[in-house]
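Q: With chain A held as given, fit chain B onto it using these hints.
There are 2 protein chains.
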Amino acid sequence: MSNDSSRYLPPEWTFAFHGHRCPFMPLGYRMGLVALDALGVDREADHTLHVICELGEGHPQTCLMDGIQAATGATFGKTLIEKTGWGKLAATFWYPGKIAVRYALKPQFLDEFGKREFFAFRKRGVEPSGIPANVTQEAIDWTLGQPDEAIFLTAQRPAFLYQPPKGSFNKSLCSQCGEYVFERYVRYQGGKPVCIPCSGYAR
Amino acid sequence: MSNDSSRYLPPEWTFAFHGHRCPFMPLGYRMGLVALDALGVDREADHTLHVICELGEGHPQTCLMDGIQAATGATFGKTLIEKTGWGKLAATFWYPGKIAVRYALKPQFLDEFGKREFFAFRKRGVEPSGIPANVTQEAIDWTLGQPDEAIFLTAQRPAFLYQPPKGSFNKSLCSQCGEYVFERYVRYQGGKPVCIPCSGYAR
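So the protein sequences, as listed, match chains A and B.
In terms of this note's numbering, the first sequence is residues 1 to 203.
In terms of this note's numbering, the second sequence is residues 1 to 203.
It is possible that part of the hints are untrue.
Copies of the same chain look alike in the list, so a pair counts if it fits in one copy or across any two.
[To be verified] Only pairs whose alpha carbons sit at most 25 angstroms apart, straight line, appear in this in silico SDA-like list of lysine to any residue:
hint: 1; residue 1: Lys106; residue 2: Arg187
hint: 2; residue 1: Lys115; residue 2: Ser199
hint: 3; residue 1: Lys115; residue 2: Trp13
hint: 4; residue 1: Lys98; residue 2: Gly125
hint: 5; residue 1: Lys106; residue 2: Tyr201
hint: 6; residue 1: Lys166; residue 2: Gly85
hint: 7; residue 1: Lys166; residue 2: Thr84
hint: 8; residue 1: Lys106; residue 2: Arg184
hint: 9; residue 1: Lys166; residue 2: Leu110
hint: 10; residue 1: Lys98; residue 2: Asn134
hint: 11; residue 1: Lys123; residue 2: Pro165
hint: 12; residue 1: Lys123; residue 2: Pro158
hint: 13; residue 1: Lys106; residue 2: Phe169
hint: 14; residue 1: Lys166; residue 2: Ile52
It should be emphasised that the hints constitute simulated quantities derived from the structure, not laboratory data.
Chain A on its own, in the form it takes in the complex (with noise of 0.2 angstroms):
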């Protein structure tokens, strides 16, 4: 692990993708980082890794995960990123072949960093976009003057399992609405293919 702190600075691009300045997409993109050093892959180019977040919805920090698409290559667009619904600010890591790894925020790390005013900003209702520049540049600074150690909670696990769907490029048009669905979606009313919202089925 390394602690230049100056690798750890987004690129400009994350922040133009990711829509606001705010520290936890640094913090994400930090993450990432670290983990594909620790199982000594490249960013992902096409479709392996894979990465379990342990966020869920309805709470703030979620940032953290496009940090980490944009740290790893593991995107959304690439089903390489999934969120467990647990409401924890942790990852699971995953590559074929490696032993996988999990990082978590430590709770005294989050303790501390909840002190910098850009929270006292975020608790008051105001959207990152609408925060002072210089406050919201104090919290990424912050982060970047603590060393990994500090922050993150690691874990290797040796016992993790992750099965990559199997792909399939087949397709049938739905015979009720006209559009094409991949087949593993595909159902069947009446002896003919339906899409799941046109055959009412819940899934």
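A: Same frame as chain A, now just chain B:
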């Protein structure tokens, strides 16, 4: 709707984010831009716009969703994009106070598009980063030559309902693992707060 194809060419950072060049990320980028126009809203900086994609897993062309993230700012990390698991190349774009709009790729477009050499490589199992650059570029350029009306089925969805989850900053320490859990995901065991994985409860 504009057919100015240069506008639909994604900026270089979107390919850096995505990790490889392919024609479906740019198609999603275009779908996202067209949807923002239809809704009359700007790229999302914070947490309002929501995109419900009808794609699933284990099928190709999911890269569409990275283009949607890049164009709209409705990112996975901001919990603004989700997938229904229906295996369809379609997405509904929702913004409070606006009529939601659904875009799907037309079957006729997909049939014609599928004749590009790019897909012959993909069906032989070649990952996008391994396909010759000129073959990929030809597929991207071919789509840029098509008008919006040839690519997208468009439907306003005045009855479409979406309710964003109510957010909270509250969190508790799990009494077993000692990690933080955001409140909506806290479970109880023996009168003490626990996280879902420590609880052994399924949800």
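Q: Using 25 angstroms as the alpha carbon limit, work out where Lys115 and Trp13 are close: within a copy, between copies, both or neither.
A: Neither: 28 angstroms inside a copy, 33 angstroms across copies.
Q: Treating 25 angstroms as the Cα threshold, decide for Lys166 and Leu110: within, between, both or neither.
A: Answer is between; shortest inter-copy Cα gap is 22 angstroms, intra-copy 39 angstroms.
Q: At most 25 angstroms between C-alpha atoms: does Lys166 with Thr84 qualify within a copy, between copies, both, or neither?
A: both (20 angstroms within a copy, 18 angstroms between copies)
Q: Cα distance capped at 25 angstroms. Does Lys106 pair with Tyr201 within a copy, between copies, both, or neither?
A: So Lys106 and Tyr201 pass the 25 angstroms test across copies only (24 angstroms; inside, 43 angstroms).
Q: Using 25 angstroms as the alpha-carbon threshold, which applies to Lys115 and Ser199: within, between, both, or neither?
A: neither (52 angstroms within a copy, 30 angstroms between copies)
Q: Go through the copies and call it for Lys106 and Arg184: within, between, both or neither, with a Cα cutoff of 25 angstroms.
A: between (40 angstroms within a copy, 20 angstroms between copies)
Q: Pop the pair Lys166 and Gly85 into one bin, within, between, both or neither, using alpha-carbon distances up to 25 angstroms.
A: both (24 angstroms within a copy, 15 angstroms between copies)
Q: Is it within a copy, between copies, both, or neither that the alpha carbon of Lys106 lies no farther than 25 angstroms from that of Arg187?
A: Between copies only: 20 angstroms across, 45 angstroms inside.
Q: Up to 25 angstroms between alpha-carbons, please classify Lys123 paired with Pro165: within, between, both or neither.
A: Between copies only: 17 angstroms across chains, 40 angstroms inside a chain, cut-off 25 angstroms.
Q: For the identical chains here, do Lys106 and Phe169 meet the 25 angstroms Cα criterion within one copy, between copies, both, or neither?
A: between (42 angstroms within a copy, 17 angstroms between copies)
Q: Treating 25 angstroms as the Cα threshold, decide for Lys98 and Asn134: within, between, both or neither.
A: neither (41 angstroms within a copy, 34 angstroms between copies)
Q: When no copy is named, should Lys98 and Gly125 be tagged within, between, both, or neither for a Cα gap of at most 25 angstroms?
A: Between. Shortest inter-copy distance 23 angstroms satisfies the 25 angstroms Cα cut-off; intra-copy 42 angstroms does not.
Violated hints for the displayed structure, listed by number in ascending order: 2, 3, 10, 12.
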